[in-house]
Amino acid sequence: MSGNTMITEKKSPNPQKVRWKNLAYYDTFEQADEHRTRLDGLTKVRRCGRNKNKFVVKVGTLIKGSSNE
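Under the numbering used here, the residue at position 10 of the sequence shown is numbered 12, and the numbers go up by one with no gaps.
Everything labelled a hint here was simulated from the structure, so no lab data went into it. Treat the numbers as computed from the prediction; the structure is a model and nothing was measured. Possibly wrong hints are sitting among the right ones.
[Unchecked claim] For lysine to aspartate or glutamate, the following EDC-like pairs were computed, each having C-alpha atoms within a straight-line distance of at most 20 Å:
#1 K56 <-> D35
#2 K46 <-> E32
#3 K54 <-> D35
#4 K46 <-> E36
#5 K56 <-> E32
[Claimed, not checked] For each label pair, taking beta carbons as the anchor points, the in silico distance ranges come out as:
#6 N6 <-> R52: 42 to 50 Å
#7 G51 <-> V20: 16 to 24 Å
#8 K66 <-> L25: 20 to 28 Å
#9 I65 <-> Q33: 26 to 34 Å
#10 L64 <-> A26: 18 to 26 Å
Ideal Cβ placement from N, Cα and C applies to all residues, glycine included.
Turn these sequences into a full structure, and let the hints steer you where they fit.
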């Protein structure tokens, strides 16, 4: 491996270690994004609905791992 490796400052947690909960549903991305920006912590906006025409705001909580990690 070369000495030109990059170290990132901010890392997202491993997706398998986060439990996501649906918080609110919206008709437009702008409404969902506005709600997401007012929240703290792990948040994301995803498409949902029958034709993927709705948006859901999701909030994540870290799952406690086993003590031997």
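Tested hints:
Taking the CA atoms of K56 and D35, the gap is near 12 Å; set against the 20 Å cutoff, the hint holds. Between K46 and E32 the CA atoms are separated by roughly 13 Å; this keeps the pair inside 20 Å, and the hint holds. Among the hinted pairs, K54 with D35 is consistent with the structure: their alpha-carbon atoms are about 16 Å apart, no more than 20 Å. Taking the CA atoms of K46 and E36, the gap is near 11 Å; set against the 20 Å cutoff, the hint holds.
Restraint check: the Cα-Cα separation between K56 and E32 comes to about 11 Å, which is no more than 20 Å; the hinted pair holds. Restraint check, N6 to R52: a C-beta distance of roughly 48 Å satisfies the suggested window 42 to 50 Å. Distance hint check for G51 and V20: the Cβ-Cβ separation is about 23 Å, which falls inside the suggested range of 16 to 24 Å. Hint check: K66 to L25, Cβ distance near 21 Å, so the stated range 20 to 28 Å holds.
The beta-carbon spacing between I65 and Q33, approximately 29 Å, falls within the hinted interval of 26 to 34 Å. Distance hint for L64 and A26: a CB-CB separation of about 21 Å, consistent with the stated range 18 to 26 Å.
Of the numbered hints stated above, none is contradicted by the structure.
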